[in-house]
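Protein chains: 2
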Amino acid sequence: MECITIKDVARVCGVGVSTVSRAINNHPDINPETKEMIMQVIKENNYVPNNSARNLKRSDARAIAILIKGISNPFFNSMIKVFEEEIQKKKYSLVLQHVDAWQDETEVALELEKEKRLRGIIFLGGIASHSQEQLKKIPVPFVLSTVSLLGKEYKNDYSFVSVDDVKESCRMTEHLISQGHEKIALLCSYKEDVSIGALRLTGYKKALEAHNIPVDERWIRHMDPELDSYSMESGYRMTKALLEEGVDCTAIFAISDSLAIGAVRALIDAGKRVPEDISVAGFDGTEMAAYYNPSITTIRQPAETMAKETIKLLFDSIKKKTNVQQLIFEGELVPGESVKKLN
Amino acid sequence: MECITIKDVARVCGVGVSTVSRAINNHPDINPETKEMIMQVIKENNYVPNNSARNLKRSDARAIAILIKGISNPFFNSMIKVFEEEIQKKKYSLVLQHVDAWQDETEVALELEKEKRLRGIIFLGGIASHSQEQLKKIPVPFVLSTVSLLGKEYKNDYSFVSVDDVKESCRMTEHLISQGHEKIALLCSYKEDVSIGALRLTGYKKALEAHNIPVDERWIRHMDPELDSYSMESGYRMTKALLEEGVDCTAIFAISDSLAIGAVRALIDAGKRVPEDISVAGFDGTEMAAYYNPSITTIRQPAETMAKETIKLLFDSIKKKTNVQQLIFEGELVPGESVKKLN
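Taken in sequence, the protein lines are chains A and B. With UniProt numbering applied, the first sequence closes on residue 343, and no number is skipped along the way. With UniProt numbering applied, the second sequence closes on residue 343, and no number is skipped along the way.
The set of hints was computed from the structure by calculation and includes no laboratory data. Keep in mind that the hints are not guaranteed to be accurate.
Copies of the same chain are indistinguishable here, so a pair counts whether it falls within one copy or spans any two.
Stated by the list, open to error - Below, simulated DSS-like cross-link-like pairs (lysine-lysine); rule was C-alpha separation at most 27 Å, straight line: (1) K320 <-> K116; (2) K240 <-> K7; (3) K319 <-> K206; (4) K191 <-> K81; (5) K191 <-> K35; (6) K91 <-> K114; (7) K114 <-> K90; (8) K272 <-> K341; (9) K81 <-> K114.
From a predicted model like this one, the values you see are computed outputs, not experimental measurements.
I would like the entire structure built from these sequences, with the hints used as guidance.
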């Protein structure tokens, strides 16, 4: 029997979740009648508080670690929420660890595993650059999430859940071409990046080549390693430099929504209108892209589904129900107001 | 002697941090000459890799926990980064734990402490509603960050670092009044909230009362507990309802920037211009507010300074250098393009 959640209890009682929490926690600041009603609903519906504290207690030795690269990427927030929920449902505890851009997450994983006797690991973001040798040392099941090892030599050895970054980047570039754009600048990651940034650069080049549009290296802009990666400021600075150098393009494709928003703001500050004077596209399908003005044309990654499949794959591996699997999801082009069709 | 960071090494060598990382980690994919140069700079400058993995190893028993309420609030991201850096500098390890809106974080803290033998705890967000009794049980030093217990009965018993939410909310409301607005709607948190949402509501009412503007309850909108708290969607829905009910206001004050952005988007979708037809103000001073179009008038909380002072206060308590301290920071009104002066 499925347990109902605290949100269900709140809905049934017509109160907020914080009120339900106060009832459960014997907080003095609650109307006694409301409390009684809530406790009645809880009893009738078999609600079990999925409190982290209680889970920690009973499942100390059953922990899953999530190693996150890129804390400022809002795209990960929605996934982490799903991970937390699903891991709590399975009565495991959760260890979150942020990994800096320059750290080797396999090393961090090996140490964490030793210290906390993990049952499984999720690598969120990053990792594409690491050697097989390192990955082979990890003694527990793990899944790479939003990281594809497509086209790498170790393709079939590890489980991952991702979109095909080359294909999706190609999809967006082709969309811009279909709207009449040929001079398309790319806001890309660090020059040395061998992870998703490199894959999205490949997709961009592939699309241009397929349409016989020569690649102009001045159009390809890399992040400044001094700035936070994938930050709005990064996108702003790259676009400002593009404008100052007089690079002549009709569209800018930024490989994340946050970079795209920085680009739009730089264009507005330079007196340009988006999309009337110049079109801008992003990648990820974040909430920000939908709420921005103009809304940003983007590639939506099915974040929640990918998060759920990541967890499922990990638990299947822990229970030895499955071998290595690679799940590639389709991205979806979400048209916004930021791209204009040229005549 | 202070150690230099990997960013310093990268700057000195004129390469990206990922290249320095590859040099340190013996990654094959690096030019041997570049690697030699990097290793030389590292040697000369006494750089010690501040790798989480290495820190975990040597400081297993010296952990600081950060309990975070409100993972989707981007305002916390910049603070978490400072916490990570400062805690690594002190050679402590870090445990991050997200706490759901309805969870009692003191309970989570007590369990964590037992399990991991923590040296200290930072509560980020939340908590204002908890009882002294619970707080008294926590056996290690802790600091409440971005949470003020001002005006509560336990005012002088606990260390906290925050702005004065009542005062800052009053400041923004007064600013709107100074721009000629009298009909000011408030996008607030849940009805039952007794934390910062309640304090900001108090500040809003206080400002109106000081200017003899009667408070119209229809202007005060609460978040839907079914939606993520402080999400853009929340702000969007509250504003849509406001418009549909024909509530007549010239300005909307949202108690977070994310809510303000949702509000602007709802207004645009309803065919209104911001600020020409209606003004919008936010709170927090996030990157998003600065990069939005129009940029959002907001209250900037000095996030980095507050994070640094939180850590300092915690380590001073751990080393028994200090007693309980309350640090209240001034917010700063950052004018954006989203508020218009009425004639």
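Need the list of violated hint numbers for this structure, in ascending order. 3
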